[in-house]
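Residues per chain, in single letters:
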Amino acid sequence: MKGTKGLARGTRGLVERPWMDPRDLWTEALAGVLARPVRSALTTLGTVLGITTLVITIGVASTAGNQIVGRFDALTATSVTVTVPAPLPGEEDAGPLVPWSGTDAVGRLAGVVAVAALADSDATDSVLVRSNDVTAPGDMSGQTLAVLAASAGLPAAVHGAMTAGRFYDAGDIARHDHVVVLGDQAAKLLGIKRVEDAPAVFFKGQSYTVIGILGGIRREQRLSTAVMMPPTTAADRIGLTDITRVLVDTALGAAKQVARQAPIALAPGHQDSLSVEAPPDLSKARAGVQNDTNSLFLVLGLVSLVVGAIGIANVTLVTVMERVGEIGLRRSLGASRRQVAGQFLLESTTIGLLGGVVGAALGIAVVVCVAVFKEWTPVLDLRLALGAPLAGALVGLLAGLYPSLRAARMEPVDALRAPS
Amino acid sequence: MTDTVVESMVDTVIQLTGVERTFPSEPPVHALRDVQLTVRRGEHLAIVGPSGSGKSTLLNTLGLLDRPTAGSYLLDGVETTGLGDLERTSLRGSRIGFVFQSFHLLPYRTVDENVMLAETYRRPRAGRGRGGRLARAHLALEQVGLGHRVGFRPDRLSGGERQRVAIARALLSDPALLLCDEPTGNLDTENTLSVLELFDDLCAQGMTLVVITHDDAVSRRAGRRVRITDGRLTTEDR
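Those protein sequences? They're chains A and B, same order as listed. In this text, residue positions in the first sequence follow my numbering: the first is 1, and each later residue adds one. In this text, residue positions in the second sequence follow my numbering: the first is 1001, and each later residue adds one.
Hints are computed from structural coordinates only; laboratory data are not their basis. Hints are supplied without guarantee of correctness; some may be wrong.
[Stated by the list, open to error] Going by beta-carbon spacing under 7 Å, a handful of chain A positions derived as facing chain B:
1) 16
2) 19
3) 21
4) 22
5) 24
6) 326
7) 329
8) 333
9) 336
10) 412
C-beta: ideal position from N, C-alpha, C; glycine also.
Generate coordinates for the entire structure from the input sequences, incorporating the hints supplied.
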């Protein structure tokens, strides 16, 4: 009975290969780590430092980034501006690219709160405007102001409010009335405070009645030093005919969609020749903010990680050298080179993982503290919370490669000679 | 005829034929010269010799820790000289129980864990699963008379107790051969005696023992004694 067994064992192919239960590997590695708890704890410090720095950097940056993005006020987020190019030479006769009635089409788009069209030109950008017709000798009376044509919806589109009088309406426009509205700064420069007595302004040899003063302009703030007149009057008197800009005020969140649709509504078939300014994409703004603040600390964290890895590699190597006798014993008990290497690799990986877990916890705690202190909402990326320990484990794994190789290369004969 | 062949293979645990081991140096060192050795199952053999005589090389060769330069080594019926590193490692783990002069116990593990280590590096045999390992370790500790030391750390044991733990570890894998290298070299007379009595017990149970020693008290217990001098083996008659 035993004989046949002995014969069978004699066959080369039947010699079993070394094998290890993963649970045993884990037990051995964990026992190795816990055998010298203080040393293992100190070894993790480098990784803890590195991971903590990384988590704080990324965590605080994303928290702060979220905060900065939150401050982009509603005004910026709801402003869409369409710029209309001047007609190409030779195509002036084809009619304006955007008719004044085009603003009505934009006004009907979903999400549009207010819309206004503006017409200005280089020729009317600086016009000498006087508040009376009497020219005293040697007296430079009058101010150089911009004169432009605007549609009746302007006050709403620029979030302005009439500080005196009224804005011209559709009737004024239809009648080609000689009326203007002054921006509040322009009115101050010209010395006009009230409009009840129908003051007049004079420019380009013609007189116009001031019917209102527009103040509190929050968008297109240059309008506060401008003289605004009905488009029909402007076309008749100073040759301002073509719309150059269309200001659209949208509902919150509709800006992107309106920015896409407005050019089509304004100039069907020629929408590509219009250029649109939409509010910046919020996610892009967030990324931009993070990039600025992060790079330095990221480098710092990565450097700490490298230092941590060197620390683990160093200590693991020392541990391997101290445990030469143990390695010899394991080899004599039938451990293959790979199993010996695997144990030391798992030990260093465990140390790295521990460092990663502690580092991630510390980092997250700091991020939350900073957020509480600054009254911010902490923003914690789940990938960061889970990825940080993994990064630590990876550091440990890389750091353990060389020491494990050294352990595996040891000849059992030499290893057993070491005292244990 | 066939029967006798099988029988001779069964009864032979170690068969060294013309084994040579030469270390390449200037001039080459001949640590083992034309060694012939047969150890039968259940035999208690002592190998004696002064230091530098080739004792360690012979032990390393027998323990599959070193390869002979020439000759053949059959261990438990397996020709080992042609085997690869992995197969030798596996054979070493499953057929040979080592007992070292310096015990080689892991100081940070309990006595039972040290004993269980012997089964860590191979696939569990039928009926010897991972779950029963602790019970088997306790049994092995009982066998060496240390049932009352379960759960202790090695540093709380006397030298003799430590060596007996190491023997329990060597016994756990149910080896064909117990290979002992100066097993009493670090022990006082009293502890030496307890280990030697354990050897006698094991022998009586049919264990094959090869003890390398320079201590007469140890070698006198063996059933057969061979002397190694300058790499050559000579059988000592008693």
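Results for each hint:
1. 16: holds (5 Å)
2. 19: Nearest chain B Cβ about 4 Å off; hint holds.
3. 21: holds (6 Å)
4. 22: violated (11 Å)
5. 24: OK, holds: residue 24(A) within 7 Å of chain B, min 5 Å.
6. 326: holds (6 Å)
7. 329: With a minimum Cβ separation of about 4 Å from chain B (threshold 7 Å), the hint on residue 329(A) holds.
8. 333: holds (6 Å)
9. 336: With a closest approach of 5 Å, the residue 336(A) hint holds.
10. 412: This hint holds: residue 412(A) lies near chain B, its Cβ roughly 5 Å from the closest one there, short of 7 Å.
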